[in-house]
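Each chain, written out:
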Amino acid sequence: MKLEIKGLKFSYDDHIAIDSIDASFETGRAVGIVGPNGSGKTTLLKLIAGILPASDGEILLDGFIVGPNELRKHVGYVFQNPDNQIIGSTVLEDVAFGLENIGMPREKMLERIRWALEKVEMWELRERNPSTLSGGQKQRLAVASMLAVGPTFLALDEPTSMLDMKGREEVLVVLKKLKAEGHGIIIATHDVYEMLLCDEILVLDEGKVRFYVTLGSGWSEELAKYLPESFEIKIADFCGVNPLNLRELIHVGDFT
Amino acid sequence: MAISLERVSYVYSRGTPFQWCALRDVDLRIKEGTVACVLGGTGSGKTTLALLLNGILRPTTGRVIVDGMDTKDKTVDIREIRRRVGMVMQYPEHQFFLPTVREELLYAARNYLGDEIDEERILEKICEIVDLDRHLLEKNPFELSGGEKRRIAIGSILGYDPAYLVMDEPTVGLDSTGKKAFREVLVSMKERGKTLVIITHDLDFFVSLADEFVVLKEGKVMFSGRKGDFIKNIVPKLEEYGLKSTLKLRLMGNLKDFSGIDEDELIIRALSKGLITCPSSRE
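Residue numbers (our numbering), protein chains in the order written: chain V, 1 to 256; chain X, 1001 to 1283.
In isolation and in its complexed conformation, chain V is listed as follows (with noise of 0.2 Å):
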């Protein structure tokens, strides 16, 4: 499946948050979004998920133009913070909730949650009160419940900026395998192991887009200000390896 932005506008009462952007998203293909503070990302994603409307321009689902009732089917949403929104006083519960949003059988449900938890590797925790979950689990919890209701895409800003390194790579694990199952993936970042999952990093800034390039080519210098400040980049910098080419760097890194 393909979803694709043309000219897309939104501002915000006097203020333009996206300038007419134009950018393609695939199944399979995970694609990061990067840009200072006020670029417009989270704004991007939230047009891109159907939660706000646009003021102009399109989005097209496999050629077809869609609004934003059709958009919320097929692209769910993950905010920074899993706490926004888990509602449920179990895991199980908190899946179900999609479920009955969308009128799931009730027989049905149990199957659809089990296997949306599986997929996060969750399933054993199921009755556990989502507030004694780690946050990485919470992530998890929160990606299961948007997965249930059956999206193609998957819209995240910043999963793991608030989680610890641990459940950061818990969720870069479940994100990863998603993505090979046939998600697409967009996600808001300012982290280089979220960017390390992309195949393609979109740089906004002022609601454009300054850079649209695929990972491990396109490298400038005017490109790399817009890079996280890491020290994994510094190193690939350091060794005049493209920093965008996160793959083959992170792989130096991981040494014992």
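In short, the hints are calculated from the structure, not lab data.
Please note that a few of the clues may not be correct.
What the hints assert, rightly or not - Which residues of chain V face chain X? A partial, calculated answer using Cβ under 8 Å:
(1) 12
(2) 180
(3) 235
(4) 239
Unchecked claim - DSSO-like cross-link-like pairs, simulated, lysine-lysine; straight-line CA separation at most 30 Å:
(5) V:166 with X:1074
(6) V:234 with X:1190
(7) X:1074 with X:1194
Remember, it's a predicted structure, so these values are computed and weren't measured experimentally.
We put the beta carbon where it would ideally sit given N, CA and C, even for glycine.
Following the hints, position chain X against chain V.
Same frame as chain V, but now just chain X:
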């Protein structure tokens, strides 16, 4: 001058079925002028610890003493404690309640320093330090981006210049420009002898700045000590505390470089010792 915790325990919802002991028998001393990083997994009690330091929470048992003042002592003016100990919360939106950024930034300064303050000068200073565009001053803080909110939360405590600053995950959501600017803020605070207590997962960012580390697990202090000791002895086994180390920290441990200030130097030494190898060069 110091903040001391003496056998501090904190129990949430005491006497109900939801009773939860977040901190147990914590002894800790944060001396004036130190930069202390507090680490721990989810539910380890980090945020509870932060909230105890300026008397937002008061210990269930034990004492928290700020420059000789007990936060539980009813004869002590709690405002005096809070003027000395500034707090930046984990979620900036939890601490906003005024209609404009300007009001938000000045609120604490007006409270603690009185009405005689030079508001324009304070605003100018804050905007410069946290790199905030002045056109944002008349906006509603809730309308801003995550990184901008974070800067306002930090800026609002800079206005009255507290001696101690407690920050809960202050780098979350900051972009690289924001992080660089924030590092400069922290370095200049450290130089001016401010005490910083920072709860963080962002070890790479804070390691060069930190003097001391505190590791919490399930409400108990597992380690508290100097940075060198932390890197030598604790970094190799961070997994035991539900944490993970980073490449930079492992290299620092391996090369016995406990300052972490010069990253280039660290990389050169790591390369020459073969701890990391250069992959094929830039296309």
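Notebook entry, point to check: Hints broken by the structure, by number, lowest first?
Noted result: Of the numbered hints given earlier, those the structure breaks are 2, 5, listed in rising order.
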